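Colleague: Below, each chain spelled out in residue letters.
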Amino acid sequence: MYSGKLTVENIVKRYPAPRRGDPPAVILDGISLDLGRGETLGIMGKSGEGKTTLGLIASGLESPSSGRVTYRGRSLREMDGKRRREFRRRVQMVFQNPEASLHPARTVERALCEVLDLMGVSRSERPRKAVEALGTAGLSEEYLCRLPRQLSGGQNQRVALARALLVDPEFLVLDEPAAALDISERARLLHLLLRLQEQRSLGYLFISHDSAAVRFLSHRSVRLESGRLLERESAD
Amino acid sequence: MSCLHIENLTVRFETRSGPVTAVDDVSLDHEPGECLALVGETGCGKSVLALALLRLLPAGARVQGRVRFEGRDLLALSEREMTSVRGREIALVPQNPSLSLNPVYSIGHQIGELYRMHRNMGRRPARDRSAEQLGRMGIQDPRRRLRQYPFQFSEGMNQRALIAAAFALSPRLIIADEPTRGLDETLRDEVVRELALAREAQGTRLILITHDLTAARALGDRIAVMYAGRLVEIAPTEDFFRNPRHPYSRGLIAALPENGFQPIPGPTPSLIKPPGGCRFYPRCSMKRDICALEEPPLRRKQERWIRCIREN
Amino acid sequence: MKAPGMAAGRAGAALLLAFILTAALAGVIAPHDPWERMDPYARPGGDHWLGTNDLGQDILSELIHGARVSLLVGFGSALLATGIGVLIGLLAGYFRGTLDEFLMGVTDVVLMIPRIPLIIILAAFLRPGFWLIALVIGCLWWTSTARVVRSRTLQVREMEFVRGARCLGFSHAHILASDVLPQILPVVLPKFMLTIASAMISEASLSFLGLGDPSMKSWGMMLNVAFTRGGFINEMWWWFLPPGLCITLAAGAVVLLGFSLEKEPAPDIEIGE
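Residue numbers (my numbering), protein chains in the order written: chain C, 1 to 236; chain Z, 1001 to 1312; chain B, 2001 to 2273.
Bound-form chain C, shown alone (with noise of 0.2 Å):
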C-alpha cells in the first residue's frame, strides 16, 4: 500500500530570527503531503513563502527543524546508506533558474556522460545514451557540445530535466520549472513534462505562482499560506 508513495509528515522548518531576541522566523509550520506515482501534487503561493524549501525538504536536500519525509514507509532518517541512495535517485529535483541548473563550465555532453558515469554505464555505451537522453528531451544530437550560456532558458531546463531522467526517478519536484521562460518554451516543457509522466509514471510535486501552469499538470492543488496549507482542491 504504501509502495511508491512519498509523504511529507507535519513538516516544520524554524530559521533563527535575525535579531536577537527575536522569536525564530517559522517558515514551514507542520505541512503534511501525501504524492504518488503518476500523479501531480499542485503547490500554489506567493514567492517567498517557502514553497521552495518545502521542496527542498521533499527531495531530501535540506533537513526540516522537526517532522518526517517518508518513502516506501520509510522514514528518511532512519534509513540506511543504501536506501538513502535509493531515495536519492528515486526522487530529483528541478530547479527554477535555468542558467544555474547545469555547470557552467560544461558541456552538455559532459554534464550527461557524469551521470552516466555514476550510473556505471561504460563507456563505450555513454555517447548512445547520451544522445537518446537528450531525444528523450526534445534535443537533437547538435546540442551535445553546446555549453549554458549557449542554450536558451528553455533548453537548459530540458537538459536538467533529461539529466535528472538519467537516475531513473520516480518523483521530481519541480520548482517553478517554467516561471523564468518564453511562453513558447514554457509551452514546450509542460508539455514535455506531462509526455514523460505517462510515460514514465513520475509523480510531480509541482511548485509554481503561476496557476494557469498548475491547473494544467496538477490532479490536486494546494495552496502554502504562511506557513500552512490552505485548502486542498482537486483540479478537475
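Please note: incorrect hints may appear among the correct ones.
Stretch-level coverage of chain C by chain Z, calculated; a stretch enters the list once three of its residues show a Cβ under 8 Å from a Cβ in chain Z [said to hold, decoys possible]:
{"#": "1", "region": "17–31"}
{"#": "2", "region": "66–73"}
Only some residues are given here: those of chain B computed to face chain C with a beta carbon under 8 Å [what the hints assert, rightly or not]:
{"#": "3", "residue": "Asp2100"}
{"#": "4", "residue": "Cys2167"}
{"#": "5", "residue": "Phe2170"}
{"#": "6", "residue": "Pro2182"}
{"#": "7", "residue": "Pro2186"}
Hint data in this document are derived by calculation from the structure and do not stem from the laboratory.
Model, not experiment: these values are computed from the prediction.
C-beta: ideal position from N, C-alpha, C; glycine also.
Following the hints, put chains Z and B in place on chain C, whose structure we already have.
Modeller: Chains Z and B only, in chain C's frame:
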C-alpha cells in the same frame, strides 16, 4: 504632441562566435498618446532596441538608422545632450528591479536625486515629491518607506519604486523593459494596474517591451511582434488577439494558458547565421517552398503590417 | 581608488618572473660565491657592482642568492597556509553544522595567537632555520583564506547545479572536487598571492631581528647584517638599500599580480543565440 519615429534601425555586435545582428532594419512609428507593446521572446532583439533608443548599448555595438523624437535624431545627439534627454524626456524602467537600484542608498535618496539633479529642487521638496510619487504607486506609508533601502523592499515594491522614478519627471515617453518579468501573478496584475493608472494620470506615452502577452493585452493599444531581430506583425491589440495573422503570432497565442499551452515546434533562431529566406520558416506550420528562399517584406494591410508571403 | 588593471598585473607578473629566474639561475648569474671572502668594505664599482660587506662578501652575489631563500620561504609557507585554509574553509562551508562551528572556533583561536611573538619565542627555544619559519608561517597564516573560502563555499553550495549534483547522488568528495573547488579557485588565487607577499615580508622582518637562519643568506639577513655590523652607521647604502628594494619590489610584484587576479564579472547583455 510629439511622436517617436524609428527608421531603419539596425544594431550589430561582434561576439566570440561571430557578428550578431540583434536588430535588423526595424522601422516603427509610435503615435501620440498610445501605448505600444513590443512583444517577442528572449533573443528577438526587443531589449536591444530599447537600449538603442536611449543610447545605452555597450561600446562594441554598431548602430545604424535614425530615431526621430520631437524633431531630433536621437542617434545623432552628443552624449551630453543625450544625458538631458534621458530621465527627463524619455525614461526607462529597467528589468531586474533589485539589481537596478543602488543598494547603499535609500529609496528616497535615489528617487529624490532625480528632482534634485534635473529640477534643481532642494532636499525637502524633493523628498515631498518622491513621497507623493511612491504613494501614487500604491505604496503605503510612503514617508517611512523613503528612508528604507532596496533590500528592505520586496521585489514588487522595488519594481514600483522604479516605475515611480520613471514617472517622476513627467517624461514624454516611458520605455518599460519587461516590468513583469519574474513576478508572480498577483504582483504582475498590480504592476500592470499601476502602469495603467500612472499613464492615465500623467498622460505619458508608453512603450512596453515584454514577452508577457497578458500584460501586453492589458496595457497596449497596438502590438508589434519581433522575431529574430525583425518586425513580423503590427496590429491594434484587440484585432491581434482575436485574429493573429502571422504564423509566429498565432503560435504565441496558441501557447497561452487559455489555449492549452500549445508549443511552437523547432529551435529558437540563431542570430549569427540567420537562415536565408523567411526567418520563421523552420518552425512555420503554414510554410511554402518559396518561404525558404525569399524573405517577404513588411506589407501594410489596412491597420496592420505583416511580414508573410501569404498576405501578398 | 581604481583597482590595478591588466597592465599592472602583467607588470607584476613580469617582475616576479624576473625574480624567479634570478633565484633559479643564481649559481650561474652571480659573479661570485656569496660566501667567499674578498676585499671588505669595498664601495660599489669594478669587480663588485654593489660593493662588499665587512667580511668581504660580494653584495650583489648575496642579493642574487638571497632571492632564492626569500622566494622559497614566501612560496612555501604561502602554499602550506593556503592549502590548510582551503581545506578548512571547504569543509566548514560545505558540511556546516557542528563541523563548521568547530572549525570556525579553531580559526578564531588561531587568529588570537600573536604571530610574530610566537615565532620569536619558538626561535629562542629552537634552532632558527628557514624551514621552521616557513612551517610556522604556514601554520598561522591560513585563517583569512579559510574565512574567504568558507564564505564562497556557502554560496556555491546553494547554487542550483551543486544542489542538482547532490540530488543525482554524486558523492561529497566528487562534488567538492569537481563542482565546488573550481568555483573557489578564483577567490583563492589572489589570496595566495597576497599570502606570499605577507610571508616574504614576515621572513624578512624575522631575519632582520636576528631570528632568521644565519646559515642562509636571505634579504632579511642582509638587512640584519647591515644593522648589526655597521652598514647603517657607516652610511654604506649598498649594504641595505638593495635588499630593502628587492623585498619591496618582490612583495609589490606579487601583490599587483594578486590584485589583478581579483576579476570583476563583466556585465552581460542578453544576446540569445
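Colleague: If a hint holds in the structure, say so; if it doesn't, say that too.
Modeller: Right, here's what the structure says about each hint:
1. Remark: the region 17–31 of chain C is not confirmed as covered by chain Z, as 0 of its residues place a Cβ nearer than 8 Å to a Cβ of that chain, below the required three.
2. Counting residues of the region 66–73 of chain C whose beta carbon lies closer than 8 Å to any beta carbon of chain Z gives 0, which falls short of the minimum of three for the stated coverage.
3. With a least beta-carbon distance of about 14 Å to chain C, the hint placing Asp2100 of chain B at the interface is violated under the 8 Å criterion.
4. Evaluation of the Cys2167 of chain B hint against chain C yields a held restraint, the C-beta minimum of about 5 Å falling below 8 Å.
5. Interface restraint check: Phe2170 of chain B against chain C, minimum CB-CB distance 6 Å, threshold 8 Å, status holds.
6. For the restraint placing Pro2182 of chain B at the interface with chain C, the shortest Cβ-Cβ distance is roughly 7 Å, inside the 8 Å limit, so the hint holds.
7. A distance limit of 8 Å between C-beta atoms decides the matter here; for Pro2186 of chain B the minimum to chain C is near 12 Å, and the interface restraint is violated.
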